Amino acid sequence: MIPGDLTIQTPPDEPVIRFQRLVAAPPALVFRAWTEPELLRRWWGPAEYQLIVCEVDLRVGGGYRFVHRGPDGVEYGSRGRYLEVEPGRRLVNTFTRDPAPDRESVDAIDFLAVGGGTLVSGVSRHESIAARDAHVNAGMEGGMRGAYRKLDDLMTQEQS
Amino acid sequence: MGTTAELDRVFGALADPTRRAIVSRLVGGDAGVVELAAAFPISQPAVSKHLRVLEEAGLVTRRRDGRRNLCRLRPERLRPVAEWVAPYERFWAASFARLDDLVRQEQA
Chain X
1 MIPGDLTIQT PPDEPVIRFQ RLVAAPPALV FRAWTEPELL RRWWGPAEYQ LIVCEVDLRV
61 GGGYRFVHRG PDGVEYGSRG RYLEVEPGRR LVNTFTRDPA PDRESVDAID FLAVGGGTLV
121 SGVSRHESIA ARDAHVNAGM EGGMRGAYRK LDDLMTQEQS
Chain A
1 MGTTAELDRV FGALADPTRR AIVSRLVGGD AGVVELAAAF PISQPAVSKH LRVLEEAGLV
61 TRRRDGRRNL CRLRPERLRP VAEWVAPYER FWAASFARLD DLVRQEQA
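Going line by line, the protein sequences match chains X and A. Each step along the first sequence adds one to the number in this note's numbering, with nothing skipped, and position 138 is 138. Each step along the second sequence adds one to the number in this note's numbering, with nothing skipped, and position 72 is 72.
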């Protein structure tokens, strides 16, 4: 795996989304970035999105509440509760979006020490493949499009 | 963005390990039905059946080439799958880029 390269997999036959990404920092720091509001505000979401509400009660059974505001002023809220909290190693939480509070996924993220960095390995498990697909399509990034460059490159290679 | 029905067909076609293996094989170039059958531990009629599903999803085309029945992948048909996941990928790619900056600053 190349540092900086984001891998996302949506298997057609399993209601999960997987992502992996190497980060050039030790797991303890990456875990803090994932769970401390003052750090979360600085990175979670695209630059043009502001994290205007960021409340974290980091303990098993505790909850979190996030609200992003997009460049168009539209707000996107999400919330959930923590199921497993292992600082520097693993975080498992439920996740729902405001428009669909009864459609819950369970997100498990492992922070693995790899060399001097961290392999962040996440799995979102949904109730069904249909629910997973709706989740990806709903996106909190309504205005975002594009980013097909990798596929375009692949196709150019395949067709040349 | 592909239509929902189109996505369902493509995902349905890819929801089988043998069909995914056939698609992977065809990324490397066109192949005859007989060659494909030889590459997988299943009968030629079974391979033909899988090819028919891939054809119906528009992922594969077949043509005669002399005595061979040649299969070709249509990679552009995989585009709806990639477009479907693109907003999600974009969100995480952008977030991780900012996380890179953050950990650089925190470790400086």
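Hints are supplied without guarantee of correctness; some may be wrong.
[Claimed, not checked] Not everything, but these chain X residues come out facing chain A in the computed CB check (under 8 Å):
{"id": "1", "residue": "Pro15"}
{"id": "2", "residue": "Phe19"}
{"id": "3", "residue": "Ala24"}
{"id": "4", "residue": "Ala28"}
{"id": "5", "residue": "Leu29"}
{"id": "6", "residue": "Gly70"}
{"id": "7", "residue": "Ala108"}
No wet-lab data here; the hints were simulated from the structure. Computed from a predicted model, the values in this text were never measured in an experiment. All C-beta atoms in this analysis are idealised placements derived from N, C-alpha and C, irrespective of residue type, glycine included.
Right, here's what the structure says about each hint:
1. Pro15: 12 Å, violated
2. Phe19: 6 Å, holds
3. Ala24: With a minimum Cβ separation of about 6 Å from chain A (threshold 8 Å), the hint on Ala24(X) holds.
4. Ala28: Cβ of Ala28(X) sits 11 Å from chain A, so the hint is violated.
5. Leu29: Holds, about 6 Å.
6. Gly70: 11 Å, violated
7. Ala108: With a minimum Cβ separation of about 15 Å from chain A (threshold 8 Å), the hint on Ala108(X) is violated.
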